[in-house]
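A.B. asks: Next come the chains, spelled out residue by residue.
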Amino acid sequence: MPKFIVERNFEPPLSQEDLSATEERMAPCLDLYDVTWLRSYWSEDRKRMICEYEARDSESVRNVQREAGAKFERVWMADLLE
Amino acid sequence: MPIAGENVQTVVLRAELFGHLRVSDDGRDIALPASKKTRGLLGYLLSSERAQSRSELCDLLWEDAEDPRAALRWSLSKIRTALGPERLVADRNTVALRRDMIATDVAMVEAVSNQFDSAPTDELMRTQALLRGEFLNGLDLPQCYGFHEWCQAERSRLGRLHEQLLTTLLSRTRHDPQQALEFAHKLVGLNPFDEAAHIRVIELQLALGRAADAAAQAAQCRKIFRTELGIEPSSALDQACRAPVTIRPATPKGREVSAAPSKRAAPTGFVGRQEELALIRDALEREPAEIVLIVGAPGIGKSALLSEVGRQSGALRLSARAVEVERLRPLGLWRDALRALSMDDIDPTLRDALRDLLANRVETATVRSEEQHFEPFRAFLSALAATGPVLVTLDDLQWMEPSSCALLSYLIRNLKTAPVRFCLSARAGEIDDNDAVQSLLSGLGDRIRRLSLTGLSMDDALTLARSLQMTGEVEECVRRAQGNPLYLRVLSQRDAVLTTSASLDEALSNRIERLSQPAINLASWASVFGRSIPMEQAVEASGLEVSTALDLIEELERHEITRSLDGGTCEFTHDLIRDATYERLSHSRRRLMHGRIADLLARDMETAPDQSVQVMHHAAMSDRHELAARAAVLAGDHALRALANAEAAEIALKGLFHAGKLGPGPARISLLIQLYRCRVLALSGSSTEKFPKLVAELETQISLASQHAMAPEVAEGEYLLSVLYQELGDLEAASRATARAASAASRMKAQKRVRQLANSARCLLELGRDVPKAEELCRDARAFAEEEGIADVEVIWSQGLLAYWQGDLAKAADKLDTALALARDNEDRWRECKCLTWAAMIALERDLPPSAIAFAEDLRTLADKIGEGAMAPLAETFLALAHDDSEALDVALISLERADDKFHLAYALNLAAEKEARQGNRSRAVELATRAYAVADAIDNSNERALAQAQAHLLGETVGDPKAVLEWPSDASSPAFTARVRHILSRAARHDS
Numbered sequence: 001m002p003k004f005i006v007e008r009n010f011e012p013p014l015s016q017e018d019l020s021a022t023e024e025r026m027a028p029c030l031d032l033y034d035v036t037w038l039r040s041y042w043s044e045d046r047k048r049m050i051c052e053y054e055a056r057d058s059e060s061v062r063n064v065q066r067e068a069g070a071k072f073e074r075v076w077m078a079d080l081l082e
Numbered sequence: 001m002p003i004a005g006e007n008v009q010t011v012v013l014r015a016e017l018f019g020h021l022r023v024s025d026d027g028r029d030i031a032l033p034a035s036k037k038t039r040g041l042l043g044y045l046l047s048s049e050r051a052q053s054r055s056e057l058c059d060l061l062w063e064d065a066e067d068p069r070a071a072l073r074w075s076l077s078k079i080r081t082a083l084g085p086e087r088l089v090a091d092r093n094t095v096a097l098r099r100d101m102i103a104t105d106v107a108m109v110e111a112v113s114n115q116f117d118s119a120p121t122d123e124l125m126r127t128q129a130l131l132r133g134e135f136l137n138g139l140d141l142p143q144c145y146g147f148h149e150w151c152q153a154e155r156s157r158l159g160r161l162h163e164q165l166l167t168t169l170l171s172r173t174r175h176d177p178q179q180a181l182e183f184a185h186k187l188v189g190l191n192p193f194d195e196a197a198h199i200r201v202i203e204l205q206l207a208l209g210r211a212a213d214a215a216a217q218a219a220q221c222r223k224i225f226r227t228e229l230g231i232e233p234s235s236a237l238d239q240a241c242r243a244p245v246t247i248r249p250a251t252p253k254g255r256e257v258s259a260a261p262s263k264r265a266a267p268t269g270f271v272g273r274q275e276e277l278a279l280i281r282d283a284l285e286r287e288p289a290e291i292v293l294i295v296g297a298p299g300i301g302k303s304a305l306l307s308e309v310g311r312q313s314g315a316l317r318l319s320a321r322a323v324e325v326e327r328l329r330p331l332g333l334w335r336d337a338l339r340a341l342s343m344d345d346i347d348p349t350l351r352d353a354l355r356d357l358l359a360n361r362v363e364t365a366t367v368r369s370e371e372q373h374f375e376p377f378r379a380f381l382s383a384l385a386a387t388g389p390v391l392v393t394l395d396d397l398q399w400m401e402p403s404s405c406a407l408l409s410y411l412i413r414n415l416k417t418a419p420v421r422f423c424l425s426a427r428a429g430e431i432d433d434n435d436a437v438q439s440l441l442s443g444l445g446d447r448i449r450r451l452s453l454t455g456l457s458m459d460d461a462l463t464l465a466r467s468l469q470m471t472g473e474v475e476e477c478v479r480r481a482q483g484n485p486l487y488l489r490v491l492s493q494r495d496a497v498l499t500t501s502a503s504l505d506e507a508l509s510n511r512i513e514r515l516s517q518p519a520i521n522l523a524s525w526a527s528v529f530g531r532s533i534p535m536e537q538a539v540e541a542s543g544l545e546v547s548t549a550l551d552l553i554e555e556l557e558r559h560e561i562t563r564s565l566d567g568g569t570c571e572f573t574h575d576l577i578r579d580a581t582y583e584r585l586s587h588s589r590r591r592l593m594h595g596r597i598a599d600l601l602a603r604d605m606e607t608a609p610d611q612s613v614q615v616m617h618h619a620a621m622s623d624r625h626e627l628a629a630r631a632a633v634l635a636g637d638h639a640l641r642a643l644a645n646a647e648a649a650e651i652a653l654k655g656l657f658h659a660g661k662l663g664p665g666p667a668r669i670s671l672l673i674q675l676y677r678c679r680v681l682a683l684s685g686s687s688t689e690k691f692p693k694l695v696a697e698l699e700t701q702i703s704l705a706s707q708h709a710m711a712p713e714v715a716e717g718e719y720l721l722s723v724l725y726q727e728l729g730d731l732e733a734a735s736r737a738t739a740r741a742a743s744a745a746s747r748m749k750a751q752k753r754v755r756q757l758a759n760s761a762r763c764l765l766e767l768g769r770d771v772p773k774a775e776e777l778c779r780d781a782r783a784f785a786e787e788e789g790i791a792d793v794e795v796i797w798s799q800g801l802l803a804y805w806q807g808d809l810a811k812a813a814d815k816l817d818t819a820l821a822l823a824r825d826n827e828d829r830w831r832e833c834k835c836l837t838w839a840a841m842i843a844l845e846r847d848l849p850p851s852a853i854a855f856a857e858d859l860r861t862l863a864d865k866i867g868e869g870a871m872a873p874l875a876e877t878f879l880a881l882a883h884d885d886s887e888a889l890d891v892a893l894i895s896l897e898r899a900d901d902k903f904h905l906a907y908a909l910n911l912a913a914e915k916e917a918r919q920g921n922r923s924r925a926v927e928l929a930t931r932a933y934a935v936a937d938a939i940d941n942s943n944e945r946a947l948a949q950a951q952a953h954l955l956g957e958t959v960g961d962p963k964a965v966l967e968w969p970s971d972a973s974s975p976a977f978t979a980r981v982r983h984i985l986s987r988a989a990r991h992d993s
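So the sequences go chain by chain: A and B.
Take 1 as the starting number for the first sequence in this note's numbering and just add one per residue.
Take 1 as the starting number for the second sequence in this note's numbering and just add one per residue.
To be clear, the hints were calculated from the coordinates, so they are not data collected in a lab.
Just so you know, not all the hints are guaranteed correct.
As the list claims (entries may be wrong) - SDA-like mimics (lysine to any residue), calculated; alpha carbons at most 25 Å apart, straight line:
1. A:Lys71 / B:Gly663
2. B:Lys773 / A:Pro28
3. B:Lys752 / A:Ala70
4. B:Lys749 / A:Leu19
5. A:Lys71 / B:Arg829
6. A:Lys47 / B:Glu626
7. A:Lys47 / B:Thr607
8. A:Lys47 / B:Glu868
9. A:Lys47 / B:Lys661
10. B:Lys752 / A:Gln16
11. A:Lys47 / B:Lys865
12. A:Lys71 / B:Asn826
13. A:Lys3 / B:Ile939
14. A:Lys3 / B:Leu893
15. A:Lys47 / B:Ser670
16. B:Lys749 / A:Asp31
17. B:Lys773 / A:Lys71
18. A:Lys71 / B:Glu868
19. A:Lys71 / B:Glu897
20. B:Lys749 / A:Arg66
21. A:Lys47 / B:Arg226
22. A:Lys47 / B:Glu897
23. B:Lys752 / A:Asp34
Please model the complete structure; the sequences and the hints are all you need to start from.
C.D. replies: Take a look at the structure:
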C-alpha cells in the first residue's frame, strides 16, 4: 500500500486536548476510507506536525482529514528511504 | 459628476498623498482640519475616482458612532472650509471632490504606472520624486477598521507600484552606478526583506569601489534576516560580496554623519507663557474652581505648560497622559496617574487605599454600579485633599478612554467641596474625534475654561533660542519655527546639513538620521511599541545583545530621543519624535515588527489581561486575526469587569471583525460567540438600536454551533439571545431562548447522535460498501432527526445518495439541492464541495449539461478556498464532459490523475467511455474503459470496475479478469452496484445471450 505524508501547521500551537479530540473524530473515518495511520512527528513548540499514513490514494487521505475536521496544508505520496 | 457654476474659474489645488497629507495652492500650504478622522476622510476622497455614498463613508470612519451621519456632516464642513465650497460636491446620498480642481500625486503616478517600460527615463524620475513617503503617512486610524483596511491595502498596492518603478529605473541607470545606487537603496528601504534588493546595493557599491560599504550592507541584510525573519540569507548574498569589481568611477565623498551627539548642552528650562499662567492660576483659584483645558497643536508646548502649572501650584500633583494605542485600556489614564504617586508623598493612612486601587481590588467584586465603582477613587482623592491641595493634570485628552472620561466627570461632580483642581490639555482638532471627551466637555458647560495655546511670542522664542545656545541664523530659525518650542529645540540641535527651510517633519527626520544605524534600529522597535516602552521587551524584540542595547539606550537619551522612566520603561521625549521614527519604517517592516511584538506580549496575556489590549493592537496591525480575536476576548472580559462598558463594546466590535476574517469552523464560532457575549453585555442597558442586528448575527452563530454540536456555545448564544429579547421587551421570545439554553446540552447530544448515524450512512454509500447497512443507518438517522427537529446536512445528503444508489435520480438531485443549501448556510465548505460534486455527477447522468455546468463552475470557484486536493481538476473534468470537449477532457483527466483521486478518476473515465461508445467511437471508448478498470481496481472499487468491464464487454473487448464477468449478479435489485451499473450489466448480460 502506498505511503502518504500529511503536513500540518498550527498557530496558535495545538494543545493535547485538541489533538485528542481530532484523533477521536478521525478514528472511524480511517476505517471507512481504508486509510491506516502509521506514525506522527509533533514539533516541540507544538506548531508543526508530520503524519504518515497508508492508503490507496491521496484523496482518501484528504477526505479522512476533512471528515474529521483536521487541519492540514498538504498531502503527498512518499517513498521510504532508510 | 454634477458640476456647479461651470463658468467660474477655479484654481487647481495640488494634493500630496505620499508622505504626510498636504494640500497646497500655488506652493502655499493650506491648513487642513486637525481632526485625524477628517484628514482620513479627505485622503480617502482624494484617492477616489468616483463619488462615494454617505453610508459607505460612515461605515469607513464612524461605524460605531452614536450618530455617524452627523459626524460625517461635521467633517465635510471642515473639508469644505479648508478647500473651498466649490471643490466638494455633496448631496443627500453621495459625496465627491472635484478632481478637475485638485491634482493629486497618486493620480499622476497611476497615470504613468501602466507604461513604466515605455515612458522616458526623465518622466520616470519625475514620477519617482513624487513618491516622497508612505501613502498617507501618519494617518493610521486603527480604531476605524474600514479605513484601516483600505489604507493598508492601498499602501501595499502603491508599495508594489513603487517597487516596479524603482526596478525599472535601476535597470535604466546601470551605466551610472552612483545614480543607480540611490534607487537600489530606496528598494531596500521599501522592502528590507528583499534579498535581491540588498544584493543590488552590494553590487553597485562594489562597482563604485566601496568594499567596506558593501560588506556593511551584507552584514545588515544578514542581521535583518536573522532577527526579523529567523532565517539566513541565501548563498547569493555571499557570492555578491565576492563578485569582481568591474567599474570604479570617481565619486565625491559622501556626507559623514556623526553618531556623536551635539556637544552643546540642551537646557530645558521653561520660557514665557506668563499671560497663560496667570489665566490658569486665576481659573484654578476661583470658588468654585474652573476646569482648565489647554488646547493647541502638537509640539506647541501644552505638556510643558501643564508641567509648569503643576510646579508653580505647590499642590500634590496627580498627573498622567492618555496614549493613542491604549484607548481601550479601562481607566488606564487614572491608573497611570495613581501609579505615578509616590507613597512617600501621601499620608500613611492613605497608602493602603492607594495600593487597593492600584491592585484593581475594587473591580474584583461582583456586579457594581458605576457609582460604587468610582466611589473608592473619589474617597481616596477626597482624603488626599484633606491633607493638602491636589492638582490633577491630564495630558493628551484626545486619546482618553471612555471609562476614564466617566470617572473624570464623576470626580468633578462629586469633589466640589474638596480642594482638588483639574488642569487638562488636548490636541486641537483631534479632540473632536473623541465622542466621550466631547460629551464630558459639553456636560461641564460654564465650568470649563478653554485656553487656546498658540506659538511663543517673538521675544519669548528668542529667549528660548538663546537658552538653547542656538547659533547661526537664530532669527531665521525663530521665524521658521513660528513660536513652536519643539520645532525650535529640534532646529537648535541640527547639524550643518539641515537648512532653516526644513519643515518640522523634516527636521525631526534629520534628527533621527543623525543617530547611528543600530540606535535607529532600536528606536524603530521602541516606536512600534507606542508611548510607554518596556525596554526589556523592546530589546528582546530587536534581537540585540543586552550590553549593546544599553549603549544604544544611552545614545538615544543623549540625543534626547527617549528618556528613561521608572519600572524599566522609557518613552520618547515627544510624541512627534516617536511618530517621525515610526513613519520612517516601510509598510512591510511595520507589519512584521507589530507581529513580533504581539507574540512577545501575548505570552503573558492570560495572566495579565491589562496587556491584552496592546496584544490586540499589535496583532491587528500585523493582520494576525486569530491572535487579535483571542486578545479581544480577554480584553473585553477585563473591560466588563472594570465596568468600562464603552471600551468593552468597542473591543468586542474589533474582535468580531478579526474573528470574521478566520476560516469557517468551530474555532471561529467559539471566538465569535465569546465576542458577542462581550458586546451584548456591554451594550445591555443602553440604547436597543443595535439589538435587532445582534439578534440576527447571534442566531446565525447558534445555528452554526448546533451543526457542530457545540453545546456550551449554543447554550451561551441562547442565553445572550434571551438577554437581547428581554432588552427589546419581547419576554416570550426571551423565555423561549432561556428554555433552549437550558436544553442545549441534551439537544447537542441528539445532534451529535444524528450526525454520527447519518455520517456513517453517507460514507458507506459514497464508498459503495455495505449498502444494506447504510440504508438502515440512513433510516435511523432520518427518524431520529425528525423526532428531535434537527436539520442536518449529512441526513439529507445520505438520503440523496441512497436515492442515487437506487436509481431515483430526480429524488437524488432534489435531496442534494437541499443538502447543498444547508452546507452553504453552515459555511461548511468541504460538504458544499462534496454536494456540488454529487449534484454535477447526477446532472451528467441525467443528461442535463446546463445544470452540470452550473454545479461544476460553483465547484471550481469553491475549490480554491478549501486548499489543495482534487476538487479543481474534478470541476474541469465535469465541465469538459458537459461541453463534450474531448481535448479539454484529456487535459482535465491528466490533472485529476495528478491530484490522485482514483474514485472520481475511474468514474469520469467510465462516463467518458459511455459517451464515446454512444457516439460510435469504439476504440476510444475501449481505451477509456480499460483505464477506468485499472484505476478502479487499484482502489478495489467493485462498482466502477464492473462498469468498465461491462462497457468493454459490450464493445467486444475483455478487460481484467474474464471470470469476474461471470460473477456479475443476475439479480437486478442487488445492492452491490448502483442502479446505473446494474443497468449496463443487464445490457451486457442480454448482449451475451
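A.B. asks: For the pair we were handed, Lys749 of chain B and Leu19 of chain A, check the Cα-Cα distance against 25 Å.
C.D. replies: holds (21 Å)
A.B. asks: Verify the proposed pairing of Lys47 of chain A with Arg226 of chain B, using a straight-line Cα cut of 25 Å.
C.D. replies: holds (20 Å)
A.B. asks: Need the status of pair Lys47 of chain A, Ser670 of chain B: alpha-carbon distance at most 25 Å?
C.D. replies: holds (21 Å)
A.B. asks: Below or equal to 25 Å on CA atoms is what counts here, so check Lys71 of chain A against Glu868 of chain B.
C.D. replies: holds (12 Å)
A.B. asks: If you draw a straight line from the CA of Lys47 of chain A to the CA of Glu868 of chain B, is it 25 Å or shorter?
C.D. replies: holds (20 Å)
A.B. asks: Straight-line Cα separation of Lys752 of chain B and Asp34 of chain A no greater than 25 Å?
C.D. replies: holds (23 Å)
A.B. asks: Need the status of pair Lys752 of chain B, Ala70 of chain A: alpha-carbon distance at most 25 Å?
C.D. replies: Judged against 25 Å, a Cα distance of about 18 Å means the pair holds.
A.B. asks: CA of Lys749 of chain B to CA of Arg66 of chain A, is that 25 Å or under?
C.D. replies: holds (22 Å)
A.B. asks: Is the straight-line distance between the alpha-carbon of Lys47 of chain A and that of Glu897 of chain B 25 Å or less?
C.D. replies: violated (32 Å)
A.B. asks: Would you mind confirming whether the straight-line C-alpha gap from Lys773 of chain B to Pro28 of chain A stays at or under 25 Å?
C.D. replies: holds (15 Å)
A.B. asks: Hint check: Lys752 of chain B vs Gln16 of chain A, CA-CA at most 25 Å. Holds or violated?
C.D. replies: holds (22 Å)
A.B. asks: Given the hint that Lys71 of chain A pairs with Asn826 of chain B, test it: the Cα-Cα distance must not exceed 25 Å.
C.D. replies: Holds. Lys71 of chain A to Asn826 of chain B sits at ~18 Å (cutoff 25 Å).
When the structure is compared with the earlier hints, violations turn up for hints 17 and 22 and for no others.
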